[in-house]
Every structure is written in structure tokens, then in C-alpha cells.
Amino acid sequence: MNIIEQFKLTDKKALVTGGGSGIGRAYVQALAEAGADVAVVDMKTDAAESVADEVMKLGRASLAIHADVTQPDEIDRMIDTVVAEWGRLDIAVNNAGVSTRGPAEDLPLEDWDRVVNLNLRGSFLCAQKEARVMIPQQYGKIIFTTSISALVINGPQLHIAYGASKAGLEHLVKGLGVEWIQYGINVNGICPGAVYTPFVMQAEDLKDLIPVWEALYPIKRLCHVEELKGAVVYLASDVSSFMVGHSMIIDGGYTLL
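Positions 1 to 257 (the UniProt record's numbering) are the ones given, in order, by the sequence shown.
What the hints contain is simulated information worked out from the structure, not anything from laboratory work.
All values reported here derive from a predicted model rather than from experimental measurement.
Cβ atoms here follow ideal geometry from the backbone N, Cα and C, with glycine treated the same way.
Hints may contain errors.
Think about it this way: if two alpha-carbon atoms lie no more than 30 Å apart in a straight line, the pair counts; the simulated DSS-like pairs of lysine-lysine are [what the hints assert, rightly or not]: (1) K229 / K207; (2) K207 / K220; (3) K129 / K44; (4) K44 / K57; (5) K44 / K229; (6) K129 / K174; (7) K57 / K8; (8) K229 / K57; (9) K229 / K129; (10) K207 / K8; (11) K8 / K129; (12) K129 / K207; (13) K8 / K229; (14) K174 / K8.
Label-pair ranges, simulated between beta-carbon atoms [claimed, not checked]: (15) D113 / I153: 17 to 27 Å; (16) V200 / R114: 13 to 23 Å; (17) H224 / Y183: 30 to 40 Å; (18) V212 / Y139: 43 to 53 Å; (19) Q182 / D46: 33 to 43 Å; (20) Q182 / G87: 18 to 28 Å; (21) L158 / I3: 37 to 47 Å; (22) Q138 / E105: 20 to 30 Å; (23) M201 / D113: 23 to 33 Å; (24) I153 / E110: 22 to 32 Å.
Take these sequences, add in the hints, and give me the full structure.
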């Protein structure tokens with residue numbers, strides 16, 4: 001088969017958590033542009049609906065689903081909604097995440113729990129439910145958004161809970177990748193450096209760090225969300241069928257220093 005044809009996702013059924021903005025929105029757009037029908041999952045219903053409208057304008061089917069992926073019953077409803085509508089789930093991108101910043105010695109327990117519950121526990125619970133659909137299919141692609149904060153102490157901001165949660169997520173990619181490939185499920189990750197997302201650009205305590213980060217990167221800028229679109233299509237397509245339990249590091253050379 002022609003290599004371009006192998007990248008196509010025509011009629012595949014996908015979902016993206018945290019799909020209402022930023023990196024997640026770029027993932028949704030990429031999957032739809034490659035031919036998939038995409039469910040947009042977000043805590044903000046209006047954001048999910050807006051991105052779902054973008055998918056439908058591309059000629060693909062979409063669902064806007066409000067779900068808190070720290071809650072098992074809401075994860076069940078999310079997956080059940082997709083399967084009830086489309087009959088299967090081929091691609092699941094577990095992208096929803098959160099961070100908190102500040103010195104470790106002052107970190108409130110509730111902030112630690114909030115970050116770990118969403119980034120690590122929630123991602124595992126989503127993958128577990130997704131696999132229960134994909135195992136009988138003997139096919140599936142599960143993709144996690146990790147972070148270079150899992151690999152290095154990524155400063156100058158202090159975010160110990162975020163880094164620890166993403167490090168756990170990196171191990172989840174490896175462990176689930178090995179466990180589930182026997183069922184035809186490829187589990188992999190996308191590991192970006194700092195990204196120009198609306199959140200980063202607008203957050204009062206982050207936007208002043210942008211020039212600091214830019215100076216630290218060999219490429220002298222951050223990642224644009226559009227630069228992650230190719231990675232998610234690669235991992236969602238059968239071109240990546242021999243890739244198991246690894247994350248694609250897309251960081252402008254930051255972790256090489």
C-alpha cells in the first residue's frame with residue numbers, strides 16, 4: 001500500500017480527552033483531517049461543542065461529551081456513548097491534564113491529589129475502560145500525552161506534582177504497551193516540550209516565563225500545537241504498528257542539553 005494511504009484514518013472511530021482546546025484540539029483536528037470520526041471530551045461543554053463543530057465542517061462525524069475523567073462512572077459513560085453511537089472505538093487519545101506550581105515544601109495535599117488524580121489515575125482509568133472495548137476487537141491505538149517534565153527537571157518553574165505524575169504516565173505507556181500488544185492494541189505516547197497553548201499564553205504566572213523558556217531551547221522557541229498533529233496521526237495509524245510502549249519526544253532539542 002502507498003505510504004500516504006497508510007497514514008489515512010478513514011472511518012476510524014476516535015476520542016480525545018481534553019479535546020476542547022490547546023494540544024487536544026490540535027489532536028482532534030489532525031485525526032479528523034486524516035479521515036476519522038472524533039468524539040471531543042472536555043470538562044467545558046461549550047469548548048467540546050465548538051471543536052466538534054469544527055470536525056463536522058471537515059465532513060466527519062463528531063460527538064461532544066462532557067466528562068470528568070477522574071470519575072470512573074463518567075469515564076464509563078464517555079466510552080459507552082462512543083460505542084453506542086459508532087459501534088466501536090479504534091483510537092483513544094488520553095490528553096486531559098492539569099498542573100500546579102510552587103515549592104514542594106509548601107505544596108498542599110489537595111493540589112498534589114488533584115494533579116495526580118487527573119494526570120495519572122484518570123489516564124489509567126480511561127485506558128482500562130478503552131482496552132475493555134478494544135480487546136474484543138483485537139485492535140486499537142491508545143495514545144497518552146506525557147511531557148518532558150517526566151524525563152528532566154524542567155524549570156525554572158517548580159511543579160513537582162506535575163513532573164511526578166507525568167513520570168508515572170511514562171511508565172504506564174511502557175507497561176500497558178507490553179501488556180496489551182498481544183491483543184492488537186498499540187499503546188504509545190507523545191512527549192512534548194513547552195507548547196504555545198492558550199493556557200500558557202494567558203496564565204499570569206506563566207506568560208512571563210515564555211522568553212525564559214525560549215532562550216533555553218536550542219530551537220529558540222516553543223512548540224506550536226500544529227507541530228504535534230503529525231505525531232498523533234502517525235501513532236493512530238497502522239504505519240506505527242511496530243511501535244510499542246514508547247513516547248515520541250518533540251521538544252526542540254531541549255532534553256539533549
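Evaluated hints:
no.: 1; hint: K229 / K207; in the structure: 24 Å, holds
no.: 2; hint: K207 / K220; in the structure: 16 Å, holds
no.: 3; hint: K129 / K44; in the structure: 22 Å, holds
no.: 4; hint: K44 / K57; in the structure: 20 Å, holds
no.: 5; hint: K44 / K229; in the structure: 22 Å, holds
no.: 6; hint: K129 / K174; in the structure: 18 Å, holds
no.: 7; hint: K57 / K8; in the structure: 18 Å, holds
no.: 8; hint: K229 / K57; in the structure: 18 Å, holds
no.: 9; hint: K229 / K129; in the structure: 25 Å, holds
no.: 10; hint: K207 / K8; in the structure: 37 Å, violated
no.: 11; hint: K8 / K129; in the structure: 25 Å, holds
no.: 12; hint: K129 / K207; in the structure: 36 Å, violated
no.: 13; hint: K8 / K229; in the structure: 13 Å, holds
no.: 14; hint: K174 / K8; in the structure: 26 Å, holds
no.: 15; hint: D113 / I153: 17 to 27 Å; in the structure: 22 Å, holds
no.: 16; hint: V200 / R114: 13 to 23 Å; in the structure: 19 Å, holds
no.: 17; hint: H224 / Y183: 30 to 40 Å; in the structure: 35 Å, holds
no.: 18; hint: V212 / Y139: 43 to 53 Å; in the structure: 44 Å, holds
no.: 19; hint: Q182 / D46: 33 to 43 Å; in the structure: 41 Å, holds
no.: 20; hint: Q182 / G87: 18 to 28 Å; in the structure: 23 Å, holds
no.: 21; hint: L158 / I3: 37 to 47 Å; in the structure: 44 Å, holds
no.: 22; hint: Q138 / E105: 20 to 30 Å; in the structure: 49 Å, violated
no.: 23; hint: M201 / D113: 23 to 33 Å; in the structure: 27 Å, holds
no.: 24; hint: I153 / E110: 22 to 32 Å; in the structure: 24 Å, holds
When the structure is compared with the earlier hints, violations turn up for hints 10, 12, 22 and for no others.
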